[in-house]
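Given chain A's structure and the hints, the job is docking chains B and C onto it.
The chain contents come next:
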Amino acid sequence: MDTVLYGVAYYPEYMPYERLDQDIGLMQKAGISVVRIGESSWGLWEPEEGKFEFAWMDRVVDKLHAAGIKIILGTPTYSIPAWLYKKHPEIVVTRLGGQTLYYGLRQNTDLSHPTYRFYCERIIRRLLEHYKNNPDIIGYQIDNETSAAGAANPDVQIGFVNYLKARFKTTDQLNKVWGLNYWGQRLNDWTEVPVRDGIINPGWKLEWERYWQRMTTDFLAWQAAIVNEYKRADQFVTHDFAGPPRSEVNEWDVSKSLDIVAANPYHGTQDEFDGETSSTVGDYVRSLKQSNYLITETNAEAIGWNSKDQMPPYDGQLRLDVYTHVASGANMVEYWHWHSIHYGQETYWKGVLGHDLEPGRAYREVSRTAHELQRIGPEIVNTQRKNQVAILYSNDSLYGINFMKFSDRVDYNTIRRQMYATLYRANIGVDYLLPESTNFSDYKVIVVPPLYVASDALLKRVAEYVNNGGHLVMAFKSGFCNENSTVRWEMAPGPLREAAGFHYQEFSNLRQPLALSGDPFHAGAENKVSDWAEMIIPDTAKPLAFYDHPFFRKYPAITRNQYGKGTLTYEGTVLSDKLQDQVLLGVLQDAGLTGPDQSLPARVRVKHGMNRKGKRLHYYFNYSGDPESFTYAYGAGTDLLTQMPARPKQTITVKAWDAAIIEEN
Amino acid sequence: MDTVLYGVAYYPEYMPYERLDQDIGLMQKAGISVVRIGESSWGLWEPEEGKFEFAWMDRVVDKLHAAGIKIILGTPTYSIPAWLYKKHPEIVVTRLGGQTLYYGLRQNTDLSHPTYRFYCERIIRRLLEHYKNNPDIIGYQIDNETSAAGAANPDVQIGFVNYLKARFKTTDQLNKVWGLNYWGQRLNDWTEVPVRDGIINPGWKLEWERYWQRMTTDFLAWQAAIVNEYKRADQFVTHDFAGPPRSEVNEWDVSKSLDIVAANPYHGTQDEFDGETSSTVGDYVRSLKQSNYLITETNAEAIGWNSKDQMPPYDGQLRLDVYTHVASGANMVEYWHWHSIHYGQETYWKGVLGHDLEPGRAYREVSRTAHELQRIGPEIVNTQRKNQVAILYSNDSLYGINFMKFSDRVDYNTIRRQMYATLYRANIGVDYLLPESTNFSDYKVIVVPPLYVASDALLKRVAEYVNNGGHLVMAFKSGFCNENSTVRWEMAPGPLREAAGFHYQEFSNLRQPLALSGDPFHAGAENKVSDWAEMIIPDTAKPLAFYDHPFFRKYPAITRNQYGKGTLTYEGTVLSDKLQDQVLLGVLQDAGLTGPDQSLPARVRVKHGMNRKGKRLHYYFNYSGDPESFTYAYGAGTDLLTQMPARPKQTITVKAWDAAIIEEN
Amino acid sequence: MDTVLYGVAYYPEYMPYERLDQDIGLMQKAGISVVRIGESSWGLWEPEEGKFEFAWMDRVVDKLHAAGIKIILGTPTYSIPAWLYKKHPEIVVTRLGGQTLYYGLRQNTDLSHPTYRFYCERIIRRLLEHYKNNPDIIGYQIDNETSAAGAANPDVQIGFVNYLKARFKTTDQLNKVWGLNYWGQRLNDWTEVPVRDGIINPGWKLEWERYWQRMTTDFLAWQAAIVNEYKRADQFVTHDFAGPPRSEVNEWDVSKSLDIVAANPYHGTQDEFDGETSSTVGDYVRSLKQSNYLITETNAEAIGWNSKDQMPPYDGQLRLDVYTHVASGANMVEYWHWHSIHYGQETYWKGVLGHDLEPGRAYREVSRTAHELQRIGPEIVNTQRKNQVAILYSNDSLYGINFMKFSDRVDYNTIRRQMYATLYRANIGVDYLLPESTNFSDYKVIVVPPLYVASDALLKRVAEYVNNGGHLVMAFKSGFCNENSTVRWEMAPGPLREAAGFHYQEFSNLRQPLALSGDPFHAGAENKVSDWAEMIIPDTAKPLAFYDHPFFRKYPAITRNQYGKGTLTYEGTVLSDKLQDQVLLGVLQDAGLTGPDQSLPARVRVKHGMNRKGKRLHYYFNYSGDPESFTYAYGAGTDLLTQMPARPKQTITVKAWDAAIIEEN
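Protein chains in written order, with my numbering: chain A, 1 to 665; chain B, 666 to 1330; chain C, 1331 to 1995.
Hints in this document: simulated from the structure, not taken from any laboratory. Among the hints, a few may not be true.
To be verified - In silico lysine to aspartate or glutamate, DMTMM-like type, Cα no more than 20 Å apart, as pairs:
id : chain 1 : residue 1 : chain 2 : residue 2
1  : B       : Lys973    : C       : Asp1861
2  : C       : Lys1506   : B       : Glu1148
3  : C       : Lys1638   : A       : Asp531
4  : B       : Lys841    : A       : Glu13
Claimed, not checked - Listed next, the stretches of chain A that the computed footprint assigns to chain C, with coverage defined by at least 3 CB atoms under 8 Å from CB atoms of chain C:
id : stretch
5  : 181-189
6  : 197-211
7  : 484-492
8  : 504-510
Unchecked claim - Among chain C residues calculated to face chain A with C-beta under 7 Å, some are:
id : residue
9  : Tyr1344
10 : Glu1348
11 : Gln1352
12 : Pro1411
13 : Tyr1433
14 : Ile1453
15 : Gln1675
16 : Pro1765
For every residue, glycine included, the Cβ atom is placed at its ideal position computed from N, Cα and C.
Only chain A is shown next, with the shape it has when bound in the complex (with noise of 0.2 Å):
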């Protein structure tokens, strides 16, 4: 791409009265480049069965050609018409526990029904043949925020059991597997496995969120081998993905099917607007292909779906959370939506046009920002990153600690959060790593939240990663099941023993947090931790912390072993925030990752990135409400917002929810 797309989704369908010349031409006064159409209107393409309209789109297209703004279609599929729910209330979803939902909501269908795939493929074929000649689409989406949505249909449980055939063969091998002399529940044939509802087995209840992950990978595998048939060489089919990563979908193997990947992050404004959550998500999208990605729909204004949280940004917050996009490596931003609804679910989900469909607030930061872009895009679209440091993050692990959890105010993404978080507000760029990547050496350190459920051949990778000269910090749990979530019954932390250079046989929860002894990572009131322990043996580990405990305190609560020429570092417990930056800030410390930007103001972010011209870019972001200043610590170059040039030690001030853009020269 030339430039950073700058868009909105535009339902022009949902519009109480006629003025599509009217919208269009706001858009494209203010300087808006694309608009995503049609992916929430099947019952208007198909108003009766087997009668498919275009008309009512043509116009529009027409109009949006004339404005010289492109298009990217989605396949309808994500909300069924009336009359399908009437003829084939069937294919809507039944949870487990029996409870058929009913029309009303959107995402509601079973995605592996046969006769729900035969109406969504007829349309898409109808729709794309419509279509495929336009030379203002640039590319497709297929469905929208897909997800198997728990439907456990009988066709789900039938799908299920011929999948475990597939993956295990006989059921004396899921007699082995899952455990199943365990109460007597061995299965003798196919036939005998019982429904998933009322099953407890962790391995069981793993491997059917890998099949529920499975049915959404295939669905959308599905449409866009339809969608390919058609497509342009020039267009991209794409999939917008909500708020990943998201433990329901398997983003790593849907994005094979995807030739450009997209997000829909939506996050806090207001005083509680930091970019993490534009941030992290981008920093995991970008991961999947190890490419530039699109933002398909993002806050305009207020969102909820109530008026509880209606939390409109502050003056500059859109425009600060653009340049937060593509310094992710963003190479669209578009808001969900045009206008604000005055019917239905959405009504307080606003546009950036409120309920009067004037101009205002939103417009006119909407509006700046676009005419800035026309101006700077063209530096900026691609940003390429080059990180040093990732976070492994294993889908399953979450899972497996769900089915048994060690904590109520602790989980996996807690963990994976506060790793993440004391990363980002340290500055340091991060990339994903997923148990399916090859390029752990791409990286000095690697951070792993509790990988509590992995293979041996993972666990191998991650020991090998060490013993290479690699620098891990790992939290508890990790190694403890493999990857049918079943406990090893080799000393823990199985075989990660050697690496992390001790064992345990016991651990504990902690009723109440503990001060490590003697404060040693000088963390103040903040000296705690809490929610578990693992009761620790060192072998050839060094202990970096031992709880302040009469009994436990014999057992260390943080370790680093020196396992070849790398270092494996520890935490049998849950730090407190304090702690694991001091931890982790250490670890980055000996890997020789600090540097200037660990002193800048604590509400400032920077961001480095390379253009498509090789020059090194650096975004500055001041996510709060006063200028702030620092000193600038790079090569010599010109702020792209203001034009001013930038010298090295020089100190720049960036206004209140502002930002610089360096460009070295």
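Just chains B and C now, with coordinates in the frame of chain A:
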């Protein structure tokens, strides 16, 4: 009526042993003048299908006659016999989501089910035929605390579609009014209307609520019509509303079928007794037909469906509550009920007699009050109120806001109750207005809780009221939606803009309470607004207060607009109780509605009225455990209770939990 | 029994690899003398319908024989095989409200279902036939922690009606007993009895609970009868009660079918370990047959169905718990279980061996204890208790109160546990009495939690106990209802009035705790009563305390009545723990039951008994992490653990989490 009726609901059929003579003797001795009978005992009236028995009640009626006690006879349709459930389980309510109720609870039938109606009609007619000539029956109560009980049975779904056809004519009109293009859910014809269960569209949900209300209205109108075929001219038809206003019921419409309105208010006791519940219910039901009313049920002793809220009144509270009701316009007070029950759900909903069935503390206080009423009843019956202030109550707005809540802490009723409580504590007599009311001009001040759902016509009448010299105080969100709970697509507050003198395009929740800059209402620690803030831009209105916040400071929190001959004071946010006090009292003062009543001791309330002889009555109530003194500020008269003279400027002392009722000479 | 049995539940069939010799070798080395096997593995005993396999267990049994380890064999009926669910899903529980359970969890079958019974009987008989001659099997456990599991399947509804017919003869009697005239719900014949699901009548609900209890009683009696056909004279039949008293089960009735009672108490560990759970369970089950008992399951290491409550015991706690049980009368202690499981719901319910299957901390402590028991077991087995104080436990009252709760904070068990804890902390040995018990006169003091539901006959026996010289302490609500949970229609407290020496007509909840006037029990900050206050009017009783409140001050909160030769102390309100202490200890002192045991250090407990040789035993337990010293107050003897002599008046020091067991000479 010639005097205030005073009595109990009486269930001789619940007694564990024969004691009819004993009971009626005790009633007679206490001075009880009326009982309600029969409404709970269908299974005794018709013990087997088509077999009717009246003898068991005839002897009760005969003995009541002998004792000179009047009778209100209830139609026994709210609790069906076991044989009817066995034969027709389909008449029992199926809730949204598919849960079908079981036998056990009362009020669990589908009011519109023809089978239920068939059996209801037969028992009503047989009962009326048997008792229609009884001279002691002064009136009939139809059913009991009726509501649609969440019935979503198939016939209700069908009835709703028929109702929609009648109201909206075409599905195209529905598509437009409810915005069904949203998510592509438009309807081609009436057969495509899905069941209500999964619907999340606010307009649809509101219409369904209206249909439920109509089911109750229709059912009671149908019962009233049957009873009217038998009723004598000296008899009335009434229905006992449960704790009105009750959002599930349209009391305004139901009242059209009634000769006199009745209500069942249950109030806080002990330290929670302050007369407010009895007063607000009274003010509401008095406003329905602008007429006096009956109290068919209220606390005799402790109440509750378990023993967690057993709070028997302190000495004096029962009697004080009776005069509270009479002062509000009640012409009858009946307790629920004569004797405590030893079995069943209401074991702890105690009667005038406790479980031992011997006279106790409650019986003695009832007896005292009854004998007092024999003396002063004729002086205070039919007390007429003439109030200058009204609250505009909108049930539609309550629902519209609930569908899209703006807070977990505050809702429509929170604001309505705050406004009522402010006026109540300030001793300002209040009527209720409903959207159907045509007498806005009777009032100097109208107070409007969030009028979120309102037709253009209603908003125009509101504006005209101001234009003609009225003083209106209105809460946020008013004017936001039309009568279909659809947000208006003109600048907010829509048709109110000129009268309100401002507009706004945005609004925000407040995560934390904010102060008003400079504490303009001298509220000190209570200078707090919260939850919601409309970003008001004055046209002609004068700001009365601004937010103390860096971003919101530019928007006024409270405004006042002179419009025509009147003023419209607008609260764009949720006020603390103290701020609401100050704002409302300021408007009342400006309207010339304040005086000596606002200087009474904190726990003393006063109400004014006129008796049948045209004499002015001043009721002073001491809702506290200590004696209270104040200066009497009205014309010379006599305290009906003590028979002591009352002179202007005289100091009157009212004992703990006692009253003074001054009749002017 | 000649010594204390000590062992584990053992599931070789759950092991992830073959290690039978290794396991039994480790058991033997540790000194384990008994294992429980087989109760969880129906699916292995009968892997396909009608195909039975014993070989897998025969080799286990053989090796246990070789190792000299005794066996308890369980009937495996509590967890059905997958093939049985596939063939007969109808035997799985359908709950009230219609929810049918799924396969996955154990203990999910309808105990009264004939199909389930058919399959149960076949597997039991085949198992018994196979193993009946085995010399190592010392006894049989029937089923496992059985309850009716909320089954409301059609056959249960039918069974309940048949039960009602047998108990009440006519529906007219039901109409009377349950007050079905209420809401006109009387029944004409047995076909009109509606299903239980919607019933809210307390009498009906209580009878249903009794029927559920009877289902369990009948099922276990039926199993016991089958086993008795095969059982040798040297073998016993037992059943393991889960955490008794358990309201769903009538342990008194079940025990009639058992030779010896067993229980599965799981206790708090770490800082929550104080011996109370083990003691209260022991005191209860010992009282069922007034005999020694078995502990079939208790904590080996950490427990939990997730990893939120993993609290491995501190060093010493496992051993200390064993002696706690023996002192209470246990003749066996078995852990659940030998090895931690790697799959399934109980992954974190850990065994003597952890997941690594290697000896660890728990194994070492078990081994120490086992070897100690080999030495001292014969001295302490069959410890006989002789207590002077009993608690009267009424399951009916627990339900009756729950149906009509008087508090969200306090219920029947809260009071029962408070009373037990008071006695436990005061080192007063306690037995339990049930309404069926006939030995009231064995006790000097009987303590009575709210005896809300009780027949006239039971209340008469209570009164006679006092009349004959007993000291009774009784909580509020006692005597309020008859055996059908129907409130009595005589003056409260009904048949207890004369013995209690007061009456009351009213009662009230207390919204806020109140003080007792003048702090008569010197409770200081804990001088607080709460939740409930009966408005007691003394006849002959003496008030011990009054409420400090303007209204309630006239009613005594606590009374004592001299009645015949005894006293009845009555608590008309909920006492703080400190007040309960003072009231109970006062009564004990008056009864001459206090002495040196009440002066021990706060965390030291003592229990007394007599061994088989007629020697007195004094068990001192230190439930704390510090050494504790005290003066020995009994006859000269020897500490069995240390083999040190103990002289009267000598100071004994017990180490942290340790015990002294003095056998008098």
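Status of each hint after checking the structure:
no., hint, verdict
1, Lys973(B) x Asp1861(C), "holds, 8 Å"
2, Lys1506(C) x Glu1148(B), "violated, 53 Å"
3, Lys1638(C) x Asp531(A), "holds, 8 Å"
4, Lys841(B) x Glu13(A), "holds, 11 Å"
5, 181-189, "holds (count 8)"
6, 197-211, "holds (count 7)"
7, 484-492, "holds (count 7)"
8, 504-510, "holds (count 5)"
9, Tyr1344, "holds, 6 Å"
10, Glu1348, "violated, 12 Å"
11, Gln1352, "violated, 12 Å"
12, Pro1411, "holds, 6 Å"
13, Tyr1433, "holds, 4 Å"
14, Ile1453, "violated, 10 Å"
15, Gln1675, "holds, 5 Å"
16, Pro1765, "violated, 36 Å"
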